[in-house]
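Construct the entire structure; sequences and hints are all you get.
As given, the protein sequences belong to chains A and B, one line each in that order. Numbering follows the numbering used here, in which position 33 of the first sequence is assigned residue number 33; successive positions increment by one, without gaps. Numbering follows the numbering used here, in which position 267 of the second sequence is assigned residue number 267; successive positions increment by one, without gaps.
By construction, these hints were calculated from the structure, which means they are not laboratory data. Since no wrong hints were added, every one of them can be taken at face value.
Straight-line C-alpha distance at most 30 Å; calculated DSSO-like pairs for lysine-lysine:
| # | chain 1 | residue 1 | chain 2 | residue 2 |
| --- | --- | --- | --- | --- |
| 1 | A | Lys301 | B | Lys212 |
| 2 | B | Lys197 | B | Lys212 |
| 3 | A | Lys301 | B | Lys197 |
| 4 | B | Lys197 | A | Lys108 |
Here are some of the chain A residues that sit facing chain B, going by a computed Cβ distance under 10 Å:
| # | residue |
| --- | --- |
| 5 | Phe52 |
| 6 | Phe123 |
| 7 | Leu125 |
| 8 | Ala243 |
Which bits of chain B does chain A cover? Going by a derived footprint, with three or more residues having C-beta under 8 Å, they are:
| # | segment |
| --- | --- |
| 9 | 122-129 |
| 10 | 135-146 |
| 11 | 244-257 |
| 12 | 292-301 |
Cβ atoms here follow ideal geometry from the backbone N, Cα and C, with glycine treated the same way.
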Amino acid sequence: MVDPRRLRAGGDFLKDVTEREAVMQALYAQLLVGLINGSFYALLSLGLAVIFGMLNIINFAHGALYMMGAFCAYFLLNVAGIGYWPALVIAPIAVGIFGMILERTMLKWLTGLDHLYGLLLTFGLALIIQGVFQNYFGSSGLPYAIPDELKGGMNLGFMFLPVYRGWVVVFSLVICLLTWYLIERTRLGANLRAATENPTLVRAFGINVPRMITLTYGLGVGLAALAGVLSAPINQVRPLMGADLIIVVFAVVVIGGMGSIMGSIITGFSLGVIEGLTKYFYPEASNTVVFVLMVLVLLVKPTGLTGRAA
Amino acid sequence: MTAITDDTLKVEPRTIRDEMIAFVIMAALLAIVPLTGVYPFFVMQALCFALLACAFNLLVGYGGLLSFGHAMFLGTAGYCTAHALKVWGLTPELGIVVGTVSACALGVITGLVAIRRQGIYFSMITLALSQLLYFIYLQAPFTHGEDGIQGIPQGYLFGIFNLARPTTLYYVILVGFLLGFLLIYRTINSPFGEVLKAIRENEPRAISLGYKTDHYKLLAYILSGTLAGFAGSLKVFVAQNASLTDVHWTMSGEIVLMTLVGGLGTVFGPVVGAFVIIAMQQYLAGFGQWVTVIQGVIFVVCVLTFRRGVIGEIAHYFRRSL
Chain A
1 MVDPRRLRAG GDFLKDVTER EAVMQALYAQ LLVGLINGSF YALLSLGLAV
51 IFGMLNIINF AHGALYMMGA FCAYFLLNVA GIGYWPALVI APIAVGIFGM
101 ILERTMLKWL TGLDHLYGLL LTFGLALIIQ GVFQNYFGSS GLPYAIPDEL
151 KGGMNLGFMF LPVYRGWVVV FSLVICLLTW YLIERTRLGA NLRAATENPT
201 LVRAFGINVP RMITLTYGLG VGLAALAGVL SAPINQVRPL MGADLIIVVF
251 AVVVIGGMGS IMGSIITGFS LGVIEGLTKY FYPEASNTVV FVLMVLVLLV
301 KPTGLTGRAA
Chain B
1 MTAITDDTLK VEPRTIRDEM IAFVIMAALL AIVPLTGVYP FFVMQALCFA
51 LLACAFNLLV GYGGLLSFGH AMFLGTAGYC TAHALKVWGL TPELGIVVGT
101 VSACALGVIT GLVAIRRQGI YFSMITLALS QLLYFIYLQA PFTHGEDGIQ
151 GIPQGYLFGI FNLARPTTLY YVILVGFLLG FLLIYRTINS PFGEVLKAIR
201 ENEPRAISLG YKTDHYKLLA YILSGTLAGF AGSLKVFVAQ NASLTDVHWT
251 MSGEIVLMTL VGGLGTVFGP VVGAFVIIAM QQYLAGFGQW VTVIQGVIFV
301 VCVLTFRRGV IGEIAHYFRR SL
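Structure below.
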């Protein structure tokens, strides 16, 4: 006679296998979400670091400009009928130009003042931009469809990968590396880094530093807007989509330090992954894990993981 | 780096006299409010925010540390006082003590972390810490999440004063505000306050003179947080609720705005700023989200053209320190 317990054990074994598969699927899914959030953290903290290097300003409006990027894509599609691919180029340029206007008309006047005024001014700009959008669009999300070319998914054997999500991660990584290359390996970047160190001396060499500052701000803002376009099909387009994100990005910046471009990229992606893992293992802490990590890093290494003393 | 406040004025003995006269005028004006028929709830609310802004100003105006997370003290003290009054059934004075002590404890914990970085990083860290606390309160059972703690009993202060009577409550709040204000004023003009100003002006030099600047900054941070918590505890009796709004970063921004409008690093500026902003919110309440836009515009205008603030401009014009 067969022991009924053994029968049950066999059934449990089969159930265990399917359960473990489901569990692993969920884990991979959260990892992917983490990588996507990580790409946004990387793109945004990269922009913050570049702007801080040149303007000595922490751009509080970064989240609002990220949101403008997403809205820009939304308008292009629904008003002008221009699709995702052109929007990927047009939105960052348009928002970048808007940023350059802000720099020329307002931020420029803060040169030589305490850093804190830059933070206060850009905080005010963020309130204005977000308030205006909230007035016209409320707080709910507007849908933005995934472009046809990136619809569907791939079966990787161990998990199902939605093509669009994979695209976001790869494309963000490429953009981050291109920015790193531009700043660390080209002549333009060398001028930029020199102007960060000593603007007066660089001006003496006949380089137009104020123009460079404006362009740098435009570049940083453009990166934020690009992140906004990328996130539009995933997170929907909402006026406050950047408001909470920017605070997490601030924590990312504190953890990574703003001294190195590559540092921002690596910190951004890894914190996204850690957040994804937390969502899987201990969902209650997924909102707070980045902040808790920031506290730990500050206690152990106050200058941040890659940062120089500021 | 240019200092955040305008300190070209020489402080002479007579400026102390000016400030005392201004203080007496302010106290007298506030004392006659219930007789004038002005809506007392509005003034009480403004007084709580005025004390909060003064506490914030102690840190930024005199210590040069811009905290972008001061709402965490307001909210924490509010929740603790509300919980003590409603669930534990404590008396009002004990409720205020619980709230203020909890804010002080929070100041010690967050201060030890935040003080490790200066300048712009300090602002980002305090903002992140307050957001951390926001999410904790969002999930913690005792705060009742989105609903908040409501219907808090006001009770009898010291068993005598019935806080449910608006006039009594008004004078209790006023006394609390004036005590807090005087404590801040005393701190600013103490040797401790002088060292704090020295650190703001030139930290490396203060270090070279043998001051343990981190200790001073931490102490200023804790004191500021504790007083902000005191304001938060008082506010519970006025609003009779404690909610997530008080911990959100928008609240931290409003505290910064009040102080900026009134004048960073001025004694009376935050009080004026708090009344201006609270009045504005009251009158523009019907405009919905445009209030946010207007606040943003005030931020931009103040930073670009009006950095001294209302009181700072007046003080500069009359060459007095206020």
